[in-house]
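A.B. asks: Sequence:
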Amino acid sequence: MDTIDGLEFVNRDGELDFLQRCLEKVKERPALVVVRSPAGFGKSTLTDRLINSMPLNSKASCVVDPSVRGRVGAISLHEGFFLQRIAESLDRTADLTGGAWPTLAGFLKARRKDAVLTKNPLDVVSEMPSLKHAYKVVFDYAARALLFGRYASEKLLISDQADAVAICAAYTEYVLRDHALILIVREVQHIDLQSLRTLLLLVERGPGPDLVFEYTAETGRFEPEHHKLLFRAAERRPGIDILDLVRLSADHLEYLIRTSVLSDFDLTSDYYLSWDGNLRSIVELKFGVGVGQSLTDVSRIGRTLANLSDTISEHIAQLPSLQRLLLSIIQAHVEAIDLPTLSSAAMRIDPRALHSEIGKALDQLEDQDAFLVRTHGLIALRNDTIAKSLQQTPAVQGLLALSEKALRDNYAGIMEGELGTQGLSNLLRQYFRLCARTKDMQGLKRAADRLTGEVRATQDHTIYVDAVASAIEANPELFRGEHDDLVEWAAELAYSASDWRRATTLLSLLKKRTSYSELMRACALQESGGHVEALQIIATLRCETADIQTLLAADLVEALVVGCRGEHGKTREILEAITANEAYRTSPLVGYAYRFFEIVDGLEGSLKSLKASVAWFHRHNLPESMAYSQLPAALLMARSGDIDGARTTLGQATIALSQVVRDQHIVVNNACAVELLSEQPDFRYCSDELSGALRFARDDFSELTILSNLSIALLSQGNLESAVDSAEKCHLLLANHDFADTDIYWPVCFNMAVVYAANGDTEKYEAARRFPFDNGPSREDDLEYWQYRYGLADLPPDTHQFLGGKPWHPVYLSHWLIDLEGLSLLK
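The opening position of the sequence shown corresponds to residue 7 in this note's numbering, with each subsequent residue numbered one higher.
If you're looking for bench data, these hints aren't it; they were derived computationally from the structure.
Keep in mind that this is a model prediction, so the values were computed, not measured.
Do not rely on the hints blindly, as some may be mistaken.
Stated by the list, open to error - Here are the simulated EDC-like pairs of lysine to aspartate or glutamate, each with C-alpha atoms no more than 16 Å apart in a straight line:
(1) K614 / D787
(2) K31 / D247
(3) K292 / E363
(4) K65 / D19
(5) K576 / D373
(6) K394 / E341
(7) K292 / D276
(8) K518 / E550
Please take these sequences and the hints and turn them into a complete structure.
C.D. replies: See the structure below:
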């Protein structure tokens, strides 16, 4: 059988056999296979052959190609991008399966009535358009919008806004959970972490899709963030099958060259040893000869095998000018491009270009040169090998720069007339990146204003941070002086997205540093472990200023640093000094001091201080800061027995934080923790919500907290097997984590022990009970309560009678941070 490039499928029967065995194994969990190799080794050829070799009565299959080529510099994918590409492929494959699953539009239409029927009176956040309530978003928005305008399925599949990604994720999970199929995902080296985490969770247990990832790795290694998630998944399941492709043997390389290019060619050992394994070398030779380039000297084969990039560059240089222009525009766009956008950009550069000529040129680039693929109305470069060669081709360097400017101006013109923010976010994503690539400072500022004012609910702000940071790295001097405000804006965005290292890097580039920017940098350093430098910054500020707000913020940062170091006595001393200082009494920032008493106080003291924090922020009109204090306050109210008050407080916080996309896992977790402490908890609701929240936890502490609550929700729901599975995941995190706060050991290990006891596993029960004593200091707060929980006291203290009467200890998440809203007061 020939491949998509017209090459015969050879020398991969063993690999094909391996893949088939992986998919046919009798096991409780779906298959998870990674086919890994450098570019061009034939991963897609192999998986295409796999699909074609499957029996007719076997599982349905779906192949997903994200059509992202040549990512460099300011190019970034938003979180959930791959989930949307999977949703798009599932949507297009739906009709081919004979109705095995619905299209996206059918999925939405079928659930419009469910919007009313599925409301849960316990769900205090059911009206919030956020990621954590993906299905509720589907129901509510489908019912309201009737599937047109910004919620038309074709727009949902490409938008980077939170609700669009949530709906696509809901559809993807619905299909993959309930329909047995083989999902092949290509170019996984580009995958965003939310999509990867979601897919790995879907295959932890059956039912679920058999996943085959194609991963391009020049060094034979995964990217660090992918490595962490993949191998943590491997610890949670029987394993991941990894197939590392090696280059074709010399005999088969010679065979392919003989059958595709030159029948009387004999491969020398030097030629073979110089070849890097990229099959594009043969394709390049074949298509070059096929369009009339004579092969009079076999040494040309050797040159192509030894340096494919130069050969492709030579090929491109010989193309007609219009074809080179079109390749440059497609390369500059990175994501697959539609024909109207491509034509518009081409005509901006060359007004003489005609639509008919563009169409013919695209046909030639696809059929005669094998540089392009066209799928469902979108055009992309065939692979990353071509994209990288284009970047290095002198003949198109100038055209690439012109293409970036033409695309930028094209999107600018459309964006000015765009009314709906759903469409605006798509345009803005491309426009912002192109402004960064073309060093258009004014354009970046305009885009920043639109981003701040109109698309605040964008799924992942880090794509915009990446664009600015990349442009700065390319030309730091361009951003200094009058452009400091843009750098500061990007740092604020990074800070609000909890990207502490990026925020620190950006702030260090400012030419003119202010108390505001330095305190933000100190806070970011504190969050990323740069405690010494953070203390140095606040020491300098104290010497340089007498401003009360700045001095108060410096005290707050110091309290956080020493608190994280475990110096609770000094932390308490600093916080008490802040709240007693008459000079500080009019500052809104005192609300953070009250919140930070959580670091050192137990239930009773923390709740009192958090209520004071909420009241303080309310008085000074800081709604988001107030909400971040309400989230832990609600849980502590529930621990004291005030469930109604906890739900009211939580509902208020939820409304205030409805547009803070990055922290919705905190809202979900705390809402479920309150529910678990109610008189008649809805355990299914909690397990469903917490399972969803796991997809958006971006650090080990948050993941551990959510898993601990999930384990007790599943146990109480009667799903002992899944509860034990969650407890095991907690155990793996405790053995290898990146946080310093060991106080979390006590509640998590207690909950793990409850699950292990229910499972009759005495050994693991005892190990869980020993873990906090063996691996961390004793709890200084609520000591009597923990002595009771761990069998060292007969009764809980009076302050913990309600909580002590529960068979578990729900855990919550809190913000020990000066929120950007508060820092902004220092501007």
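A.B. asks: Indicate, hint by hint, whether the structure satisfies it.
C.D. replies: Tested hints:
no. : hint        : result
1   : K614 / D787 : 15 Å, holds
2   : K31 / D247  : 12 Å, holds
3   : K292 / E363 : 25 Å, violated
4   : K65 / D19   : 21 Å, violated
5   : K576 / D373 : 72 Å, violated
6   : K394 / E341 : 14 Å, holds
7   : K292 / D276 : 21 Å, violated
8   : K518 / E550 : 15 Å, holds
Checked against the numbered hints given earlier, this structure breaks hints 3, 4, 5, 7; the rest are met.
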